[in-house]
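The lines below spell out each chain.
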Amino acid sequence: MNNGIHHYCRISNGQVILDDKVLFTNEEKNFDGFIKSVYKHFEIDYPKFYKMDPLCKLSIVIASILLDNSEGAIEDDMALLLSNKSSCIDVDLKHQSTIEDKDDYYPSPANFVYTLPNIALGEISIKYKLRSENSFFIFEDFNPEFMVDYANSLIHLNKASSVLCAWVEVNKDNYNAFVYKVSPNGKTEHSKEHLKTLIE
Amino acid sequence: MDQDFSNISVYATSGNCLSPAGSNVSENLVAIDKGNLAIEKHSNSDLSESPFYGAIISETVIEKEFSKLNYEGPFSKLEKMILIVLNGIVTKYSHVFSKRCGIIFSTTKGNIDALDNAEIENYYLHNTASKISKAMDIKTQPIVLSNACVSGIMAVSVAKRLIQTDKYDHIVVVGADLFSKFVFSGFQSFQAVSPKPCKPYSKNRDGITLGEAAAAMFVTKDKSLLTSNSYKITGESSINDANHISGPSRTGEGLFQSVQKAIKEAGVKPKDIDMISSHGTATNYNDEMEAQAFSRADLAQTPLFSLKGFFGHTLGAAGLLETVISLASADENKIPPSFGFDEMGVTLPLNISAQTQSKSIHTVLKTASGFGGSNTAVIFQKFNTNE
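Chains as they are written, first to last, in our numbering: chain W, 38 to 237; chain G, 10 to 396.
Everything labelled a hint here was simulated from the structure, so no lab data went into it.
This one's a predicted model, so the numbers in the text were calculated from it and none came from an experiment.
Glycine included, C-beta positions come from ideal geometry on N, C-alpha and C.
Which stretches of chain G does chain W cover? Using the computed rule of at least three CB atoms under 8 Å from a CB of chain W, they are:
no. : region
1   : 127-134
2   : 154-165
3   : 173-183
4   : 240-253
Residues of chain G placed beyond 10 Å of chain W at every Cβ, according to the derived structure:
no. : residue
5   : T22
6   : H51
7   : T69
8   : K143
9   : L235
10  : G276
In silico EDC-like links for lysine to aspartate or glutamate, alpha-carbon gap of 16 Å or less:
no. : chain 1 : residue 1 : chain 2 : residue 2
11  : G       : K391      : G       : D283
12  : G       : K368      : G       : D340
13  : W       : K139      : G       : D55
14  : G       : K270      : W       : D113
15  : W       : K131      : G       : D125
With the hints as extra help, turn the sequences into a complete structure.
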């Protein structure tokens, strides 16, 4: 039983690419300004977006572009497998800045709730009503070998019938995201070698 | 060519833990027997303006334990905790640290205190994992799992899956988190911190108590490496609530489904579960959500305890710490007490184990839930050496 990749989407260097096609370009260097323009261009209707930390913004936008441009229904048990390098560093630094000075101490629940990388999984699960397996892993770089192995194990052990896999890295204005869906019905080769060529 | 991976049995063995109550499992069990809580009142202006309750491991203990080991640093407090807790596994199993032995480091916030000291490189979790794995001479790239408060127990299920699908023969699973100003201030801003040691499931509960700990287990398919105190991981599942990012589902849907799927995979019935080591944080919403889920899963009669009243909430380490302690109690056929419990404070019946009970224990259910809507349930069954 071999699994394959359905569609894939990349957001990097001011571009949004879906299956080799550039769908959107914006030279805006500021991450927040850029991701907002992507959110608006693709008419992703999810007002909570504006309250989110950068990691959740990037994750919800790229997952929405991929899923909303895929044919067929989303499986109820589609697992989410997210990964990155910098966890949720931007909102962590923001929360940290609110507690450093004893005379200017103002930690806020609105920031603190986002200080976990797996909140991005929660946001995607809520938007797409996915009561499914999900986990967030950290590696120095996108780890195609692990992603292939773990996505396969979720499917082969009947934990999920498909897996949304992603690298969602954002650290200040440096961002790089790549998402793809894997299932037994996917037509494109699901191997670490092929994933490497897609993310290069 | 369909291979049935689910036939491959995976076992957990050689659990260890480090908490303010003890530097190994037996010290922690003795402290539980005596009721000497890991939670204490602290006055530390670096962490909080006013005195507070928490479970914090003294630097002196860490330095003393770490000096017994032979590692060349520098290592942070968290990294020392991890290396201390892993030492038994290194001693016992380093001969199988090959390309077929992985390591999973599970944590909620890792070296989050690095932000206080502007040591940004230490913030990155892959750096922590790689330092640890190099020190231990693990040959494979470390895997970091950061899934809020289910991280530690989810790591056990991830290890089981990767072994069942033949990626590894063994995986070292470690979980660790610190008591930090970062997290403490956040929970204070939520007004979710109890002014006293927390009281899971009690009518008088009023929030969490934070703690710090490290815990470890060795997960393997190789039966020849097992001692008599080993457990087969027979079922596991982690289903998201898809409901709210900082509050649990009111119906306990994600936890209920996780428990049901774990039970189904284990091929047991709810009545076969001898005890539940639950999450029980002592917030109003969490404990009530668990009562809903366990009631729906037909587990209202099963003896249940939360160890948060003893260790505090040790975040990503909690699930693994509580598993190690629960399985060690099961070795002695004992159900630990749910510290802090007095009057029933959830709206559906639960069989809370207020005192230590003796009972023949074969099957243990461990659960955890966390921010982001995450839930994990894992079933452990005693390994029979004649198997």
